[in-house]
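Here the protein sequences line up with chains A and B, keeping their order.
Quick note on numbering: the first sequence equals residues 1 to 267 in our numbering.
Quick note on numbering: the second sequence equals residues 1 to 255 in our numbering.
It is worth saying that the hints were derived from the structure and are not from the lab.
Keep in mind the model is a prediction, meaning the values are calculated, not measured.
Glycine is no exception: its CB is placed at the ideal position from the N, C-alpha and C atoms.
Be aware that a few hints might be false.
Cβ pair distances, simulated, as ranges [to be verified]:
1) I54(A) <-> V37(B): 14 to 24 Å
2) A141(A) <-> T150(B): 36 to 46 Å
3) R124(A) <-> P78(B): 55 to 65 Å
4) R73(B) <-> N24(A): 49 to 59 Å
5) E55(A) <-> R220(B): 38 to 48 Å
6) E73(A) <-> R230(B): 21 to 31 Å
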Amino acid sequence: MSIGEREATDLNLTMSGYFVPRHNWRDATGRGVTIAIIDSGIDGTHPDLAGKVIESVKARVENGRVVFDPSDEGDSSGHGTACAGIIARIAPDARFSSIKVLGAGGLGDGQVFLAGLEYAIKRRFKVINLSLGTTKPHFFAPLHDMLDRAYQAGCIVVAAANNLPQPSFPSVFSSSLVSVIRSEETDPLKFGFHFGEVIELTAPGVNVHTAWLDGGYRTLTGNSFACPHITGIVAKFVEGYPNLTPFQVKAALYAIARENSNIQANA
Amino acid sequence: MPERDLEAHLRRLIETIDIANVLTEPITTAIERLLAVSAASLDSEEASVLVRDGDQGDLRFLAATGRVADRLRGMKIPAGKGVAGFVLMSGQPMAVSDVEGESSFYAEVDKATGYDTQTMLALPLRAGDEVVGVLEYVNRRGDPPHTPFTADEMDRAGIYADAIAALVDSYYSARLLKELSSRVIGSAEAETTEQVRAWLGSIRDSSGHRERLDLALLVRELARRGDSERRLARELLESLLKYSDSMNETSYLGY
Numbered sequence: 001m002s003i004g005e006r007e008a009t010d011l012n013l014t015m016s017g018y019f020v021p022r023h024n025w026r027d028a029t030g031r032g033v034t035i036a037i038i039d040s041g042i043d044g045t046h047p048d049l050a051g052k053v054i055e056s057v058k059a060r061v062e063n064g065r066v067v068f069d070p071s072d073e074g075d076s077s078g079h080g081t082a083c084a085g086i087i088a089r090i091a092p093d094a095r096f097s098s099i100k101v102l103g104a105g106g107l108g109d110g111q112v113f114l115a116g117l118e119y120a121i122k123r124r125f126k127v128i129n130l131s132l133g134t135t136k137p138h139f140f141a142p143l144h145d146m147l148d149r150a151y152q153a154g155c156i157v158v159a160a161a162n163n164l165p166q167p168s169f170p171s172v173f174s175s176s177l178v179s180v181i182r183s184e185e186t187d188p189l190k191f192g193f194h195f196g197e198v199i200e201l202t203a204p205g206v207n208v209h210t211a212w213l214d215g216g217y218r219t220l221t222g223n224s225f226a227c228p229h230i231t232g233i234v235a236k237f238v239e240g241y242p243n244l245t246p247f248q249v250k251a252a253l254y255a256i257a258r259e260n261s262n263i264q265a266n267a
Numbered sequence: 001m002p003e004r005d006l007e008a009h010l011r012r013l014i015e016t017i018d019i020a021n022v023l024t025e026p027i028t029t030a031i032e033r034l035l036a037v038s039a040a041s042l043d044s045e046e047a048s049v050l051v052r053d054g055d056q057g058d059l060r061f062l063a064a065t066g067r068v069a070d071r072l073r074g075m076k077i078p079a080g081k082g083v084a085g086f087v088l089m090s091g092q093p094m095a096v097s098d099v100e101g102e103s104s105f106y107a108e109v110d111k112a113t114g115y116d117t118q119t120m121l122a123l124p125l126r127a128g129d130e131v132v133g134v135l136e137y138v139n140r141r142g143d144p145p146h147t148p149f150t151a152d153e154m155d156r157a158g159i160y161a162d163a164i165a166a167l168v169d170s171y172y173s174a175r176l177l178k179e180l181s182s183r184v185i186g187s188a189e190a191e192t193t194e195q196v197r198a199w200l201g202s203i204r205d206s207s208g209h210r211e212r213l214d215l216a217l218l219v220r221e222l223a224r225r226g227d228s229e230r231r232l233a234r235e236l237l238e239s240l241l242k243y244s245d246s247m248n249e250t251s252y253l254g255y
């Protein structure tokens, strides 16, 4: 039996005909899963994250190209630590690779985060959390290509949507990644799926309490805090099915979101 | 250059640059008025606008309202630092609250201003497809504890951010003009300096200036949209000029 066939039988068809993971994904802890966080760095000394950041690199511009060096600088803004903190509460045994792209300067923001994404795909991280985006049209094509590469490499990219009038890339590329927008839901595992809309997923992103700099905590609101909720849930899936494809992840998210909405409707 | 001539030249230069400042000051005043109105609407104590400083992603406070506004103006934040640095580079709005009153929140700026930031709302300022700066609201009016900014307030602040971003874009255009005039003055003879001063003065006083600026902004917007739009705009404007010329002819006869 091929890996693909084995994965297919590992996914159950529910009574309503939708795929869901067979194992009890809610009890999974993300064990064995390493998540790439393309962000402002992660403070690995925070009590919630101690021992979980297994690699940290930082973007640097050299001769017009972006290179990544090992870094012990931690987090320069608090955002990357906040995202890792949200994921750690959902998938406490997951590990992180911090890809710091903020503050590199030189080439412009879009190019540096594109390089961060390329780095994560080349390293074949199964789950990639991306809270950055760009509205510059000339990044449309290279980002589209990059997301296709991620899809073909089996990397699941979870991106924060931008709720501004202009389209933001890559969150509008609906076929090849998972895009998330904030909801007022408080249960971290309750998310919604709006098939047919540009941004398909909703997850808690209002007054989220999570890790911050200096070992502290903050209460945060924004789409970029909804995104790591889905990343954490995907890490739970991947623990049970390490070869899960982006397509299968979307199918599972869709099925579970339908269950969530049924549970809410019946409550 | 003899010392006396140099002194006179420098004095003229300084006077002219002062006049040039008139180009940017009304815009920063307009930004601060809009900041004050939006801060009142969002029940926020302090509001400020940060703009890009150089091409490395650093930020500088351009305008501010509230108790520590004077100390904030001109202050800088290095690339990628703090909440503002993240918002600039990510284009993502975010609200952050220190509800337990823990460790330093926004250390460098709070240290310099003596202010205690407890809750903050930060949004990107977008002009065209560029993020040109960051709009920040800090704390609530009245005594602490300050309640976090809500998701609804984040959406409402986005409307103010659009208006303020348009002003910031105009500020950059005016500053460009100001720098250009300073360069001309720096290398010009006294006679040219006087002409530049007179020209700057006429720009400021002209009642038609606003309309001309609007037209220039429209043309720039069209030019940004692509080659076909640029060609069409040019053809239309040239046709309009021909039409205008023909209307101004005193005679349509061929002799």
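Worksheet item: Out of the numbered hints, which ones does the structure contradict?
Response: Hints 1, 3 and 6 not satisfied by this model.
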